[in-house]
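Q: Protein chains in written order, with my numbering: chain A, 1 to 347; chain B, 1 to 337.
The hints are simulated quantities; they were obtained by calculation from the structure and are not laboratory data. Just so it is clear, CB atoms sit at the ideal spot from N, CA and C, and this is done for glycine as well. Treat the hints with caution; some may be incorrect.
[As the list claims (entries may be wrong)] No more than 27 Å apart at the CA atoms, straight line, and that leaves these computed lysine-lysine pairs for DSSO-like:
1. A/Lys245 <-> B/Lys336
2. B/Lys235 <-> B/Lys149
3. A/Lys48 <-> A/Lys163
4. B/Lys235 <-> B/Lys178
5. B/Lys278 <-> B/Lys235
6. B/Lys8 <-> B/Lys278
7. B/Lys279 <-> B/Lys220
8. B/Lys149 <-> B/Lys220
9. B/Lys149 <-> A/Lys163
10. B/Lys178 <-> A/Lys190
11. A/Lys163 <-> B/Lys336
12. B/Lys279 <-> A/Lys163
13. B/Lys220 <-> B/Lys235
14. B/Lys220 <-> B/Lys178
15. B/Lys8 <-> B/Lys279
[As the list claims (entries may be wrong)] Computed list of chain A residues with no C-beta within reach of chain B, every gap over 12 Å:
16. Phe38
17. Tyr42
18. Gln63
19. Thr64
20. Ser65
21. Val148
22. Asn187
23. Ile220
24. Leu248
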Amino acid sequence: MSFLNRFSAAKGYKQSRPMVATFILTGGSVILIFCIAFSILYGSADIKVSTIWQSFVQFDTLQTSHQIICNLRIPRALAATLIGAALAVSGSIMQGMTRNPLASPSIMGVTAGATFMMAISFALMPGASNVTVMVWAFLGAGLGAGIVFGVGSLSKSGLTPVKLALAGTAVTALLSSISSAIAIHFNIAKDLSFWYAGGVASVQWVHVQLLAPIVVIGLIVGLTLSSSITVLNLGEDLARGLGQKTFLVKIIGTLVVLLLTGAAVSIAGTIGFIGLVIPHITRFLVGTDYRWIIPCSAILGGILLVAADTVSRMVNPPFETPVGTITALVGVPFFLYLARREGRAKQ
Amino acid sequence: MKKLTPTKRAWLVAVSLFIAILLTLIISLNLGVMQISPVDVWKTLTGNGTSQSSLVLFDFRLPRMVIALLIGAGMAVSGAILQSVTQNELADPGIIGINAGAGFAVVLSIYLFQSGTITASTASIFLLPAAALIGSVVAATLIYAISWKNGVSPIRLILVGIGINAAFSALIIVFQLKMDPNDFTRATVWLSGNISGTDWTYVYALLPWILILLPYTFLKANTLNTMNLGDDIAKGLGTRVERERMLLLLAAVALAGSSVAVGGGIAFLGLVTPHLVKKLVGTRHQAILPITALMGGFLLLVADTVGRNILSPSEIPVGLVVSVIGGIYFIYLLIKS
Chain A
1 MSFLNRFSAA KGYKQSRPMV ATFILTGGSV ILIFCIAFSI LYGSADIKVS
51 TIWQSFVQFD TLQTSHQIIC NLRIPRALAA TLIGAALAVS GSIMQGMTRN
101 PLASPSIMGV TAGATFMMAI SFALMPGASN VTVMVWAFLG AGLGAGIVFG
151 VGSLSKSGLT PVKLALAGTA VTALLSSISS AIAIHFNIAK DLSFWYAGGV
201 ASVQWVHVQL LAPIVVIGLI VGLTLSSSIT VLNLGEDLAR GLGQKTFLVK
251 IIGTLVVLLL TGAAVSIAGT IGFIGLVIPH ITRFLVGTDY RWIIPCSAIL
301 GGILLVAADT VSRMVNPPFE TPVGTITALV GVPFFLYLAR REGRAKQ
Chain B
1 MKKLTPTKRA WLVAVSLFIA ILLTLIISLN LGVMQISPVD VWKTLTGNGT
51 SQSSLVLFDF RLPRMVIALL IGAGMAVSGA ILQSVTQNEL ADPGIIGINA
101 GAGFAVVLSI YLFQSGTITA STASIFLLPA AALIGSVVAA TLIYAISWKN
151 GVSPIRLILV GIGINAAFSA LIIVFQLKMD PNDFTRATVW LSGNISGTDW
201 TYVYALLPWI LILLPYTFLK ANTLNTMNLG DDIAKGLGTR VERERMLLLL
251 AAVALAGSSV AVGGGIAFLG LVTPHLVKKL VGTRHQAILP ITALMGGFLL
301 LVADTVGRNI LSPSEIPVGL VVSVIGGIYF IYLLIKS
């Protein structure tokens, strides 16, 4: 595919930049911790630093401010970090495997599947609890991805990444149309969009407890897979020529994407942009080596979502602006700058 | 079928689609909240029907079906052009910002002139289409301008398109969540793609665009054939790549923009139709473009007939039906090939 070759050539894909990557990993972690601290510190209830410290060392269930810190803000900041990292990493893996700059986790049918199940559960059983809703969404994410993968592998000529992306687009269109039809018919369009634009506003500890192990496992498997993805990104035939079991790599990679995106979507709804754009930004910065791209995108994704979530509380307090819009509006100018600087026309 | 030459095969597909469109038109005229028998349809068309059935046929059903054909053709051809110009199989009119830009402009105008203040005056029936057209042109211009740097490379166009789309979609959500539930549903219906309430005014507004632009793109088929091979080869074959790309993008924007203005966000049609057609007739744009136009019109007409009747008397927005039908057919093709 000439398009893909020029895609990689145009961006100076050949070199990897370990220096930049190391800087992102170390400096980024510091910034991430700073962002988390600020996110805990700042909120519509004005709470002093000393009170926050006190709530750690001697937690008092009767004090509202202690409750706010330990039961609302800390789980929220942690969930934002984990979800940001999960989305960015699954986006990186998707783009690495499919070699298509338009591929994002949502294209795998995960997001559409979750929204579809949410539409059904809102229509049939209004007022379900938080955790029930999350389980439904996770099942939906699995369903969507299952259909996409099934369609892709049922195909007689075998499972190719482009076919997977096309199947994903078709299934996404199919499922989200049915969800919209349900939403319009049962008049729940607005409730549904509050859910999928909801972000991490209603996160509780139970969510973090469910999310953390999934994300950690996903990240570890993703990192183990990263050198194989670098090779796969050079082209399927080349990877096979180098002795790679490409089918195995793709299966495991897809499972990781499913796990990470499914968990993120079922808690935070569809936070667009991170999964699509953070991988691009990371690649612009650190080059083509997925051993660097995957950890760096995790850090950058975490930073972006925690910062965006904090901003979403600051814009119009005490109301919250949908976090997905903040991530997009913050990320777009930077993304455009990088696209223009790096995506040179080949003369 | 397999023994046929590509040209004969293309003609066969074209003629079958044409017949299918005629049949669907006849069936669609009969169906609806008010059933009109084929005999009465014929009487009415030849000028001997009752005034009620001629009102239903001429003022409600016929303009709507014509609009479906025009929008379907416009969106599908626009998608075919964009997939070849960007050399990306996942491209659709959405990628040059058409849907997000138009959607944002429409959501903004619904938000600013809330449902109470809009009455059924002549100005208001053109408010949303005009907003949509302006929005899509602004978004497309923005994307083209930002991608420009000693020329526009396809990859940069796609990347910038992703960025601008993300920004507009974010803005759509911001304003949509501030609406009351009625306006919200109205905006959702528009964003899903909807052609109910069409009358002849819309047909007259859309017809010139399609009539001028479709033949123009058909003439450019050869340019698209070469551009699909990549910039370097196209240049080597003597194509003035940058100029042709701009003209073709302009045509794609005008086709999709005017279609979206009347029909709302029907993006999936532009993605799926060129793929269907390429499976049927191969890769020559001389065959692809006209057949894509027929196929797009046919799909949208079928989708609208289904959406109008399946839950009658309430309607399903045509954009949703076309995604379901197109999606299922597309999945079938993926499995089969």
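Q: Decide, hint by hint, whether the structure agrees.
A: Now for the hints, and whether the structure bears them out:
For the proposed pair A/Lys245 and B/Lys336, the alpha carbon gap of about 25 Å is at most 27 Å, so the pair holds. The suggested pairing of B/Lys235 with B/Lys149 holds, with an alpha-carbon distance near 18 Å, which does not exceed 27 Å. For the hint linking A/Lys48 to A/Lys163, the alpha-carbon distance of about 54 Å lies beyond 27 Å, and the restraint is violated. A hinted pair counts as satisfied when its Cα atoms are at most 27 Å apart, and B/Lys235 with B/Lys178 does not qualify at roughly 50 Å.
Between B/Lys278 and B/Lys235 the CA atoms are separated by roughly 24 Å; this keeps the pair inside 27 Å, and the hint holds. Among the hinted pairs, B/Lys8 with B/Lys278 is consistent with the structure: their alpha-carbon atoms are about 15 Å apart, no more than 27 Å. Using a Cα cut-off of 27 Å, the hinted pair B/Lys279 and B/Lys220 holds, with the two alpha carbons roughly 21 Å apart. Straight-line distance between C-alpha atoms of B/Lys149 and B/Lys220 comes to about 25 Å, which keeps the hinted pair within the 27 Å bound.
For the hint linking B/Lys149 to A/Lys163, the alpha-carbon distance of about 32 Å lies beyond 27 Å, and the restraint is violated. Our distance criterion of 27 Å between C-alpha atoms is met by B/Lys178 and A/Lys190, whose separation comes to about 10 Å. Note on A/Lys163 and B/Lys336: the hinted pairing holds, with a Cα-Cα distance of about 12 Å set against a maximum of 27 Å. Restraint check for B/Lys279 and A/Lys163: satisfied, since their Cα atoms lie roughly 14 Å apart, inside the 27 Å limit.
For the suggested pair B/Lys220 and B/Lys235, the alpha carbons sit about 16 Å apart, so the restraint of at most 27 Å is met. Between B/Lys220 and B/Lys178, the direct Cα distance comes to roughly 45 Å. Violation of the 27 Å bound is thereby established for this hinted pair. With a C-alpha separation of about 15 Å, the suggested pairing of B/Lys8 with B/Lys279 holds against the 27 Å cut-off. For A/Phe38, the shortest C-beta to C-beta distance to chain B comes to about 22 Å, beyond the 12 Å cut-off, and the non-interface label holds.
Even its closest Cβ contact with chain B, about 21 Å, leaves A/Tyr42 beyond 12 Å, as expected for a residue assigned away from the interface. Interface exclusion of A/Gln63 from chain B stands, the closest Cβ pair being 33 Å apart, more than 12 Å. Taking the minimum C-beta to C-beta distance to chain B, about 28 Å, the non-interface status of A/Thr64 holds against the 12 Å cut. At roughly 29 Å from the closest C-beta of chain B, the C-beta of A/Ser65 stays outside 12 Å, upholding its exclusion from the interface.
Chain B draws A/Val148 into its interface by the beta-carbon criterion, the shortest separation being 9 Å against a cut-off of 12 Å. Non-interface call for A/Asn187 relative to chain B: violated, since the shortest CB-CB distance, roughly 7 Å, does not exceed 12 Å. Listed as a non-interface residue, A/Ile220 keeps its Cβ farther than 12 Å from every Cβ of chain B; the least gap is roughly 29 Å. The beta carbon of A/Leu248 is kept farther than 12 Å from every beta carbon of chain B, the shortest such distance being approximately 22 Å.
Hint violations for this structure: numbers 3, 4, 9, 14, 21 and 22, all remaining hints satisfied.
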